[in-house]
Structures are given as C-alpha cells and as structure tokens.
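Colleague: Construct all of the structure, not just a fragment, from the sequences and the given hints.
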Amino acid sequence: MPTECLRTMSEFQVQGPLQSFSFDLFGLHIIVSESIVVQWLVMLILGVLFFVLGRNLSVRTRSRRQMLAELIVTFFKKAVNDTMGEQYSKFTAYIGGLFFFSCLSSLMGLLGLRAPTADLSVVAAWGLTTFVLVTRNKFKTGGVKGYLKSFIEPMPFMLPFNIISEPANPVSQTLRHFANILGGTVISGLIYFSLGHIANGFATIGIPAIASLYFDLFSAVIQAYIFVTLTMTYIAGGDCSPSDD
Amino acid sequence: MTEEIVLTVASETAEQARFSLVSIDLSTIVFTLINTLIIVFLYFKFLHKPVCQMLDKRAETVNKDMDDANKAKEEAQAVKAEYEQRLQSSKEEAEKILTEANRRASQREEEIIAQANEEAARVKMQAEQAIEREKKRAVNEIKEEISDMVVMAAGKVAQKEISASDNEEIINSVLAQIGEEN
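So the sequence lines, in the order shown, correspond to chains A and B. For the first sequence, the working numbering assigns the number 92 to the initial residue and increments by one for each residue that follows. For the second sequence, the working numbering assigns the number 1262 to the initial residue and increments by one for each residue that follows.
None of these hints come from the bench; they were simulated from the model. One should not assume that every hint holds.
[Said to hold, decoys possible] Mimicking DMTMM-like on lysine to aspartate or glutamate, the simulated pairs with C-alpha atoms at most 20 Å apart in a straight line are:
# : chain 1 : residue 1 : chain 2 : residue 2
1 : B       : K1318     : A       : E161
2 : A       : K181      : B       : D1328
3 : B       : K1396     : B       : E1380
4 : B       : K1310     : A       : E177
5 : B       : K1310     : A       : E161
Quantities reported herein were computed from a predicted structural model and do not represent experimental measurements.
Modeller: Written as structure tokens, this is what we have:
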C-alpha cells in the first residue's frame, strides 16, 4: 500500500457488512450480505478440502493426507463422545462442519475480506440452531412433561431463572463469538491504522502481522473451538430423560 | 435493530449500502443456516463417512489378522508338540536299536571267541598229530639209515663174506628187537 494513502488516512472506521446485491423472490425483497458472499467462498474452499482429504482412503498405506483426515475425524468423534456421550454421536458431523465453517470464516479476515463471523446475523444463526437443538433434545429425552419439568429443576422457585437462562445460553454464546472476532478485526485495524502514522508508514511492515497472528489466526481457531464446545455442552445439557432423576 | 453503530473518527459516506455493525438480518440468518447445512453435509459426505468406514474396515482387518495370528500360533504349537513327541519316540527307538546292536555285538564276540578257541584247539590237535606223524617218520628214517649204516659197516667188516640179503635179514631182526625195546 502506498505510503501517501496511509498518511492521508485520518480516520478509522469499522463498518457493517456490505449489501452485495439484492433480488426479489416470491414478492420478498432479499438482500444478500457481503457475509453470505464470503461464506460461499468458504464453502467452496471447505468442499474442496473435505473432498481432497476424504478420497482414496486405504486401510493399510497411510499417506500424510489420510493421517490428517483421520486426525480431524477422530478428534471430533472423540470430542462429541467425551463431551456429549455415545448416544449423541450423530451430532459429530454438525460439530465438525460448524467448527470448520466458523474457523475458516474468521480466517477470511486474513485475506482482506470481511469475516462472516464478524457479522452478528451469521453467528446468531448458529446460536439459534443451538437453541433449537437444545429444545429438541429436551422434548426428545423428556417429552412435553420433561421439558416443562426442566424449568422447575432443581427447585420450583428457580422457574424465572431457568426461563431466563434458556435463551441466555445461545445468546451469550453468539455474542461471545461475534464480539471476539469483531474485536479482533477492530484491534488489528486500529494497530495498522495507527502504525501508518509512524515512520512514514514503514512501521506497518511486520508489526501488524504479529498482532494479526493472535487476533486473527489464533482467535479464529480458539473461538471456533469454544463455540462448538459450548454447543456440545448445551445440547447434552438439555438431556432431561427421567432416568437422570 | 437498524440503529447504526459505527466507530468513526470522522464520518465518511459509504458508496454502497451497508448493514449496520450490530444488526440482525433475517435473510442473512436464513442463508447462513442453509450454508451451514451444506457445509455439515459436505463434512459428513466427503470426510466423516469415508474416514469412519475406513476406520471400521481397519478395525475389522486388525481383528481378523489377530485371529489369524492366534490360530497360526496354536497350529504351530500343535505341530511343535507333535514333532517333540516324534523326536522323543525316535530317540527311544535309537536307544533300543543301540542296545540291541550292543547285545548282538557282544553275543557275536563271544561266538567268535568260542570259534577261535575251537579253531585253535583243532589246529593244535592237528599240529600235534602232524608232529607225531613226523616223529614216527623220522624214527623210521633213522631206523633205515642206521640199518643201512650197520649193513655198510658189517659189509666192510665181513668183506663180501656173506651176501647182502642174508646180512640184511639178520640185521633187521636185530633192529626190530632194539625197536621193541625202545
């Protein structure tokens, strides 16, 4: 980036995602966000990655590619089995897919794109999924009776707190992820912006990369991991089968 | 919900319409849900399922290999036991053969010694007989020689006075008398 541009930059702002394009479908005016466009790129990359990793697997000869594929699959299998239990093994694909989606979405910031995870709507969709899955699990394990009973556990006076905590878990999970990635983006941007005013902009070489290593790379992986771990815990915590009483 | 929260040092008009920084947009949520579903499907279809199938197959193969190895080990042990037994029996056989051979050898030895003794006794007897015969023959020869010498001596004494045949008759009878006395 030319030094002049940096020197003339006298403001720093973080904006919401662009409204890339819009179309009308069944009388609805649908606006496609920048986040969705970046998500499509992420999907393309992940599709190719999964396809390349998962093809030509053999029982005996183990290539590095296959070892990586085995490592990934067994990691999520083990994580789901340890955190949720054997009976929830069908959630493994959701947890694994969500982790990669979240992680790579956050990493898109490194390519100069706006990370989809820095958009509240995107993370809210996953939080909403968690809420739906938790509620579904409650009905599935305890029935309507078990679901209603879970609100007066362990004591009836806990009812208001339980009602609050029911949406609070997914909301806090959502906001944590969103705010961490957005915060990382803001801090990385601020560092870059402020260093642009030092030493004719040459300070922007190297130092932002180190900061970005934490705020973008490390944070992206850690937040994705935290998000899927919380998702697993909440869904498994929604178990209100009578045998637990 | 649509209230815009923008961190700005100085305001700048955006060329393109943007969503606000903290906002919830329904279409974004719906699109994200669809995309997540697709990603989860891709993860399951291309990575999770093939790897799990391969791992199951590997576990099966390993179990089968271990079973096979155990079976082979058992078989080997059975064969080993059989061979040890065979070895033991053949050792006993060899022992038996050796003992038998020793016994036969000693028997044969005794036989040979006995035969040799017999042979020696026979040879000795024959030799004694031969000696006896020789002795007799020698005695006879000596007798003849002596008779000849006596005849010669007597002839010289008598100087052809008596015929040789008459003299011989007399001398022989004398010698016979001597022989009987001996």
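Colleague: Report the numbers of all earlier hints that the structure fails to satisfy, in ascending order.
Modeller: 2, 3
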